[in-house]
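*Asks:* Sequence:
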Amino acid sequence: MARPTSSLPPSLVAGARSIVSSEDTDEKVRLAYALSKAWFQRELALGSPTRDGTMPDRPGRPDRPVLLAPRDMPKRSLTGRSGRLALIHSLAHIELNAVDLTWDLIGRFAQVRLPRSYYDDWVRVGLEEAKHFSMLQDRLSKLDATYGDLPAHDGLWEAAQNTGNDLAARLAIIPLVLEARGLDITPPMIEKARGIGDEDTARCLEVIYRDEKNHVAFGAKWFRFLCDRQGIRPEPAFHAFVRKHFRGALKPPFNDRARSEAGLTPGFYKPLARLTG
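Numbering (my numbering), first residue to last: -17 to 259.
No wet-lab data here; the hints were simulated from the structure.
Careful, some of the hints might be misleading.
[Claimed, not checked] When the alpha-carbon atoms are kept at most 25 Å apart in a straight line, the in silico PhoX-like pairs for lysine-lysine are as follows:
(1) Lys226 - Lys174
(2) Lys113 - Lys174
(3) Lys252 - Lys226
(4) Lys203 - Lys174
Small disclaimer: the values here were computed from a predicted structure and weren't measured.
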């Protein structure tokens, strides 16, 4: 294996820790690109939390945006410039959290015995989330704004804190609940953006939607892998994790076709919608 370049952390785990810890969004993106390139060129060792340090309890964040409770956030809309700006800013915040959540998934559970293909999948996801954030930053700049100009909510990291000791639970909640929800709500957002003539935002959303389907597929793949290893059935295990770790309902309508294409069949989520809806 070639030695990593001096500008990189010494391992994938150390790099994941650096991304999540950084308070500079540009540095998070830069590291995501650099680590992904080095990993896929087989120039970077995996490392371990024992040697490279444990992951932080919370991600590093810039001074702005001001973080509010989800209930205190203003409603989002595509109506008018201010509404479009609020929506794109909110999406950028979601994608920044997705960057941290994915690299935390890589670094926090590196002590679990997993094949290299697990890391290949999630490094790809970590790179794509960084690309999404950058794409939305560019969209904000074209509206004479930047990430941090508007408040954002602080609820997304709670799911990571609740599942920090269990990889199967983390996969159940982050890709199979939160990202799967994106498959439900993004197509109507694309239609609305096109309906008001905002083709640039529609194209951004199409990229995110396409990639999210793969992210959910990776979540389903590795959740099933862990369930098979433990000799438990995936659907009942998923139901138990969601009841334990997720607050709120799984809300229809569901994009059944996209979910099924990603390997998330109705038996996973529809019983929970009936129970919690």
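*Asks:* Regarding the pair lysine 252 and lysine 226, is the alpha-carbon distance no greater than 25 Å?
*Replies:* With Cα atoms ~17 Å apart, lysine 252 and lysine 226 stay inside 25 Å; holds.
*Asks:* For the pair supplied as a hint, lysine 226 and lysine 174, confirm whether the alpha-carbon distance does not exceed 25 Å.
*Replies:* violated, 35 Å
*Asks:* Does lysine 174 sit within 25 Å of lysine 203, going by the straight-line distance between their CA atoms?
*Replies:* Not satisfied, since the Cα-Cα distance of roughly 32 Å exceeds 25 Å.
*Asks:* Could you grab the alpha-carbon distance between lysine 113 and lysine 174 and see if it respects the 25 Å cut-off?
*Replies:* holds, 23 Å
Checked against the numbered hints given earlier, the structure breaks hints 1, 4 and satisfies all the rest.
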